[in-house]
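S.K.: Here is how the chains run, residue by residue.
Protein chains: 4
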Amino acid sequence: MASKAEIADFVRQQFPQTRCIIEQVGKLSATVKHPIGPEDLRPGGTVRGGIMMEVADVALYIAILGEIGIVPLTVTTSLNINFLRKPSATRSIVGVCQLLKVGRALVVGEVALYSEGIEDMVAHAVGTYSIPPQR
Amino acid sequence: MASKAEIADFVRQQFPQTRCIIEQVGKLSATVKHPIGPEDLRPGGTVRGGIMMEVADVALYIAILGEIGIVPLTVTTSLNINFLRKPSATRSIVGVCQLLKVGRALVVGEVALYSEGIEDMVAHAVGTYSIPPQR
Amino acid sequence: MASKAEIADFVRQQFPQTRCIIEQVGKLSATVKHPIGPEDLRPGGTVRGGIMMEVADVALYIAILGEIGIVPLTVTTSLNINFLRKPSATRSIVGVCQLLKVGRALVVGEVALYSEGIEDMVAHAVGTYSIPPQR
Amino acid sequence: MASKAEIADFVRQQFPQTRCIIEQVGKLSATVKHPIGPEDLRPGGTVRGGIMMEVADVALYIAILGEIGIVPLTVTTSLNINFLRKPSATRSIVGVCQLLKVGRALVVGEVALYSEGIEDMVAHAVGTYSIPPQR
Chain C
1 MASKAEIADF
11 VRQQFPQTRC
21 IIEQVGKLSA
31 TVKHPIGPED
41 LRPGGTVRGG
51 IMMEVADVAL
61 YIAILGEIGI
71 VPLTVTTSLN
81 INFLRKPSAT
91 RSIVGVCQLL
101 KVGRALVVGE
111 VALYSEGIED
121 MVAHAVGTYS
131 IPPQR
Chain F
1 MASKAEIADF
11 VRQQFPQTRC
21 IIEQVGKLSA
31 TVKHPIGPED
41 LRPGGTVRGG
51 IMMEVADVAL
61 YIAILGEIGI
71 VPLTVTTSLN
81 INFLRKPSAT
91 RSIVGVCQLL
101 KVGRALVVGE
111 VALYSEGIED
121 MVAHAVGTYS
131 IPPQR
Chain X
1 MASKAEIADF
11 VRQQFPQTRC
21 IIEQVGKLSA
31 TVKHPIGPED
41 LRPGGTVRGG
51 IMMEVADVAL
61 YIAILGEIGI
71 VPLTVTTSLN
81 INFLRKPSAT
91 RSIVGVCQLL
101 KVGRALVVGE
111 VALYSEGIED
121 MVAHAVGTYS
131 IPPQR
Chain L
1 MASKAEIADF
11 VRQQFPQTRC
21 IIEQVGKLSA
31 TVKHPIGPED
41 LRPGGTVRGG
51 IMMEVADVAL
61 YIAILGEIGI
71 VPLTVTTSLN
81 INFLRKPSAT
91 RSIVGVCQLL
101 KVGRALVVGE
111 VALYSEGIED
121 MVAHAVGTYS
131 IPPQR
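Residue numbers (my numbering), protein chains in the order written: chain C, 1 to 135; chain F, 1 to 135; chain X, 1 to 135; chain L, 1 to 135.
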């Protein structure tokens, strides 16, 4: 298992490309936050689907690293997302991940996505990650 | 219906946030290309899942605009993606969309994703878009 | 909205093909149970995927009827399921549905599937239903 | 690899529960057919979702056995299906599977579903199977 501080260090050094900020890790779960600016919008003044999928994907990755330790080559094998409500164009997107199963080779988890500070879920994702055999 | 030039104009003016370039539109299909640089990678030196999902999402959007005309508020309702092979860290990601059904309210299509110039598919997505009622 | 008794009546008369039994309906949720016998198994002595998908699909349908009333032509538009653990070959499959969004035209919900009496989830599904326009 | 006759023998002996009939196997593909009778319908006189998901699931299984040989414990890990058009209430459902990737541990394929003899696809599925490690 890896702590929030260890994962934050790893992300800072090995994954500076992501704009997701780790808020919480542990107990088969993680919460990440992604700031939203004009560059993250699509026509209609709403958040681009790709940004929300990125948040879901990273929330899963962080929750898994929290559970199995820093295994960088853990990779997404599938992701399914349903968009439920129009997110705010000015609030951060928050992704709350809960892992459903941590197997030897595959991990499955779900992610609830919110516009920060608003109760109704804006999207819901379920994803699968593959853990490399020799770790 | 909208031509490639009309859609490219619309994207330039209303959706400058996307880095996807339109290659082809028409006959229930579209091809888009997304350049890949260091900022698009994740640990392991492969392309971030979020970037590939963005390409799938935009390829669907472009194919739909090609079919129904410029209806900006056509929005993704769901997307499912399977990652098949590790994409190249230096080649553009190409998304080839084929629409499977264009209904009154919902459109469904699939997208094959490639590293440019390499034959094997790196990911495969299926997505659904909702068309607003009064257009 | 429709009560459990009204939906059970409707299912008895209009949907006798299903072997799902309604256990609970209401508050954006439903629980259904499907008995498992030798005819429901696949090689390896586990429950056929098709049976678990049927339970997920019917649990969603019942939860939606509970919310919007008896609208028989409410139909599935998509379903995504992840299989997590091997279900018991002799226990009923229980599907617990929670709706995530009830829109004007689309409803999205998730379903947790269990072998009756065993705590760990055996599968998790997310599905979308379309509500016909004139009801 | 296994031939159509070998797989048909295996299905007859080990998987008599399925009503799917194998039509073709080979070259990363398979076609199966499922007869439709009144017991397979749902309210609205259309085919139950569970039946179409069963056909997709079995078509994938048969295509995989054709590729990797008779490995009975190859099991579904996920399935995503989109329903496109109302299937005929009286025609068989035909599932045409094409595998997209056959990996060491995971196989991904897509399935086009039809009402027999009608050109337009009624549903489209993508599924993932896990191959057991020691085979």
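Bear in mind the hints are in silico, worked out from the structure with no lab data behind them.
As the structure is a prediction and not an experimental result, all values here were calculated from the model.
Accuracy of the hints is not assured; some may be wrong.
[Said to hold, decoys possible] Subject to a maximum C-alpha distance of 20 Å in a straight line, what follows is the list of computed PhoX-like cross-link-like pairs (lysine-lysine):
no., chain 1, residue 1, chain 2, residue 2
1, L, Lys27, L, Lys4
2, C, Lys27, C, Lys101
3, F, Lys86, L, Lys4
4, L, Lys4, F, Lys101
5, X, Lys27, X, Lys101
6, F, Lys4, F, Lys33
7, C, Lys86, C, Lys101
8, L, Lys86, L, Lys33
9, C, Lys101, X, Lys86
10, F, Lys86, F, Lys27
11, C, Lys86, X, Lys27
12, L, Lys101, L, Lys27
[What the hints assert, rightly or not] Derived coverage of chain C by chain F (criterion: at least 3 residues anywhere in the stretch with Cβ under 8 Å from a Cβ of chain F; other residues may be distant):
no., segment
13, 3–9
14, 28–41
15, 63–75
Each residue gets a CB set at the ideal place from its N, CA and C atoms; glycine is no exception.
S.K.: For each hint, tell me whether it holds in the structure or not.
M.R.: Here is what the structure says about each hint:
no.: 1; hint: Lys27(L) <-> Lys4(L); in the structure: holds, 12 Å
no.: 2; hint: Lys27(C) <-> Lys101(C); in the structure: holds, 12 Å
no.: 3; hint: Lys86(F) <-> Lys4(L); in the structure: violated, 32 Å
no.: 4; hint: Lys4(L) <-> Lys101(F); in the structure: violated, 32 Å
no.: 5; hint: Lys27(X) <-> Lys101(X); in the structure: holds, 12 Å
no.: 6; hint: Lys4(F) <-> Lys33(F); in the structure: holds, 14 Å
no.: 7; hint: Lys86(C) <-> Lys101(C); in the structure: violated, 30 Å
no.: 8; hint: Lys86(L) <-> Lys33(L); in the structure: holds, 17 Å
no.: 9; hint: Lys101(C) <-> Lys86(X); in the structure: holds, 12 Å
no.: 10; hint: Lys86(F) <-> Lys27(F); in the structure: violated, 30 Å
no.: 11; hint: Lys86(C) <-> Lys27(X); in the structure: violated, 23 Å
no.: 12; hint: Lys101(L) <-> Lys27(L); in the structure: holds, 12 Å
no.: 13; hint: 3–9; in the structure: violated (count 0)
no.: 14; hint: 28–41; in the structure: holds (count 4)
no.: 15; hint: 63–75; in the structure: holds (count 3)
Taken one by one, the earlier hints fail for this structure at numbers 3, 4, 7, 10, 11 and 13, listed in ascending order.
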